[in-house]
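Student: Residues in the sequence shown are numbered consecutively from 287, following the working numbering.
Rather than coming from a laboratory, the hints here were simulated on the basis of the structure. This one's a predicted model, so the numbers in the text were calculated from it and none came from an experiment. Please note that a few of the clues may not be correct.
Result set (DSS-like, lysine-lysine): computed pairs, CA atoms no more than 27 angstroms apart in a straight line [to be verified]:
| no. | residue 1 | residue 2 |
| --- | --- | --- |
| 1 | 504 | 715 |
| 2 | 498 | 372 |
| 3 | 371 | 756 |
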Amino acid sequence: MSLFQSVVFKQSMRPAFYQLIGCLLALGLGHSVGSAQQRLSDIHYTVEAGAFLSTGNTNPFWIRSNQFGEILLSSPGFTFRAQIKKDYDSLARKKFSYGYGARAIVNAGSVNQLLLSELYGKLRYGPLEFSVGRRREVLGLVDTLLSSGSYIWSGNALPLPKIQLSIPQYTAILKNGLIAVKGNYAHGWFGTGDSVQNYFLHQKSLYIRIGKPDWRFKIHGGFNHQVQWGGTVLYPRYDSGVRITQFGTDLSTYWYVISGKTLYTADPLIVQNGQASAEGGNRVGNHLGTLDVGFEYEDEKSRWFLYRQSIYEAGALYNLSNISDGLTGLSITRKRVQQGVQRLVLEYLHTSNQAGSIPSGGAITPELRGNEDYFNNGRYIDGWVYKGQTIGTPFIMPLQYATGVPQNLVKNPRYIVNNRVNALTLGVKSRYKQLDMMTRLSFSNNLGSYEVPLSYTQTSVQQQFIFPVKAYLVTANIGYDAAGILKQNLGINLLVSRTF
Numbered sequence: 287m288s289l290f291q292s293v294v295f296k297q298s299m300r301p302a303f304y305q306l307i308g309c310l311l312a313l314g315l316g317h318s319v320g321s322a323q324q325r326l327s328d329i330h331y332t333v334e335a336g337a338f339l340s341t342g343n344t345n346p347f348w349i350r351s352n353q354f355g356e357i358l359l360s361s362p363g364f365t366f367r368a369q370i371k372k373d374y375d376s377l378a379r380k381k382f383s384y385g386y387g388a389r390a391i392v393n394a395g396s397v398n399q400l401l402l403s404e405l406y407g408k409l410r411y412g413p414l415e416f417s418v419g420r421r422r423e424v425l426g427l428v429d430t431l432l433s434s435g436s437y438i439w440s441g442n443a444l445p446l447p448k449i450q451l452s453i454p455q456y457t458a459i460l461k462n463g464l465i466a467v468k469g470n471y472a473h474g475w476f477g478t479g480d481s482v483q484n485y486f487l488h489q490k491s492l493y494i495r496i497g498k499p500d501w502r503f504k505i506h507g508g509f510n511h512q513v514q515w516g517g518t519v520l521y522p523r524y525d526s527g528v529r530i531t532q533f534g535t536d537l538s539t540y541w542y543v544i545s546g547k548t549l550y551t552a553d554p555l556i557v558q559n560g561q562a563s564a565e566g567g568n569r570v571g572n573h574l575g576t577l578d579v580g581f582e583y584e585d586e587k588s589r590w591f592l593y594r595q596s597i598y599e600a601g602a603l604y605n606l607s608n609i610s611d612g613l614t615g616l617s618i619t620r621k622r623v624q625q626g627v628q629r630l631v632l633e634y635l636h637t638s639n640q641a642g643s644i645p646s647g648g649a650i651t652p653e654l655r656g657n658e659d660y661f662n663n664g665r666y667i668d669g670w671v672y673k674g675q676t677i678g679t680p681f682i683m684p685l686q687y688a689t690g691v692p693q694n695l696v697k698n699p700r701y702i703v704n705n706r707v708n709a710l711t712l713g714v715k716s717r718y719k720q721l722d723m724m725t726r727l728s729f730s731n732n733l734g735s736y737e738v739p740l741s742y743t744q745t746s747v748q749q750q751f752i753f754p755v756k757a758y759l760v761t762a763n764i765g766y767d768a769a770g771i772l773k774q775n776l777g778i779n780l781l782v783s784r785t786f
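From just these sequences and the hints, can you work out the full model?
Tutor: The structure is reproduced here in C-alpha cells:
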C-alpha cells in the first residue's frame, strides 16, 4: 500500500476503522456483542482467520483462483481478515440510501502481504448508484456462484479503484416491465505496471432483458467495453523517429477511448507535446471486452440459464473470424431444495482460435485480423493484468502462475504465456443436513500462445465444505492439480469466520 493510499484510508475511513476495532474487541466480550448488534443492525462485521498448506510450494488452482487477489500463489501461509459492511436500507420505499465497506487482509508466509481488497462508499437514488473505491465485482452474463470465471472480469485479481455510475439491477424502462436494463460507466486507476506508470481504466457495460418479471422465458443481451489508456511510458519507445514518453490524456484522446474509433489517418503517429494519442490506423489504448447473450427459463421448481460470451479485442469478431472463441455455460438451479444437489453449472471456454496465427498486418486480407493474442498488448506490456494477476478468466495465466512450465521460457514472469485454452468445467452446489458443499472439476488443453507454443493438459479439482460450529462458520477447501501446465499439487485451506 502506497503512502498516498495509507493517508486516504486513515482520513476517509477513520470512523469505520474505529468500528472495526470495536468488532475485533467484541470477540472476547461475549454478552456485549448482542447489544452492539441491536444498535448497529444495518452494519455487519466479519473477522476471519485461516491457513493454507500444500504438498508443493503453491496453492492449488481452484483454491487461489477467482478470490479477488486475496490468496497468495505461495504456500504454506496464514491469513487474517477483517471486514465492515453497511448495505442499503432494506426499506424498499426509500429512494435514497447509502452504504460502505472495507475489507483488510493480512497474509503471512514466505511472502508477507497487507491488502485492502475493498474500500468503498456508495449512494443510491432509485435505481441509480454512484460508488467510489475498490469493490469486489464480476461483470458479464454468467453464473457468478459456480462459474469458472467470467471471461473479461472474473474476480480473479484485486479490484481496481474506480469511480462508477451504474444501474446495478435490471430496471424496467416500460411500465409493463417488458424491457429492463442494467449497466455501468466507470473510470479506474491501474497505477504503475511493468511498462507504463499511472495509467487508467475506462469501463462501460449495457445489458438488456426482454421479458416481464413473471414470464417464464426471458432473453438477455449486452456488451462490456474495457480500455487501458494514458500513462507515462517507462521503457524506450520510438514511433517514426519520435521518442514517446507519455500516452495522451486530453479530452480528444478520451473521446477516442470511449468511442473505440479507429485513427485511420495518413500520419503514422498522432503526437502533441510529446504525448502520443495513438499510432495512425490504430485505436487509442488497449480495447477488449465481450458481447453476451443469455436465455433464461424459470418455473416453480427450477431456473435454467444458458449464456454465451463472445470475445472481441483486435477487431476479429466484427468479421466473425474468431466467433468460435468464447465462454458458453448452462446453469441449472433447483428452487426450494433444502437437501441434495441445489445448483449445477457446466461451462466450456474456447480461446484457441484467435482468428488464426497470422497477425493483422500480415494477413492475406485486412479483414482477417488474426493472432488476437488475448490479454497481451504491445503498449501496455503487463497486458490485462492487475497487481500480477489476470483480471479475466484464470485459465489465461501469466508465466509465474503456470507452475508446470519452465520459468525461463520468457524474461518477464508476468507475461501471459497461456492464452490459447480449451477448458471444460463442472460446478455443483449441494447440501447435506447443515453441511454446504461445492464441487468443481476442470479439464483443460493449454496451447500457450502463437508466439510461445505449448502443449499441456490439465485436470484440477476442488471440494469445499462449509458448516457452522456454534457462533462460527468453518470453511474447508481441498484442491488438487494433476501434473500439466501446473505442477502436481494437493492442498488444503481452513478458514474460521464470525459475523456480527
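Student: Now tell me, hint by hint, if it's right for this structure.
Tutor: Verification of the hints:
no., hint, verdict
1, 504 / 715, "holds (24 angstroms)"
2, 498 / 372, "violated (31 angstroms)"
3, 371 / 756, "holds (23 angstroms)"
Taken one by one, the earlier hints fail for this structure only at number 2.
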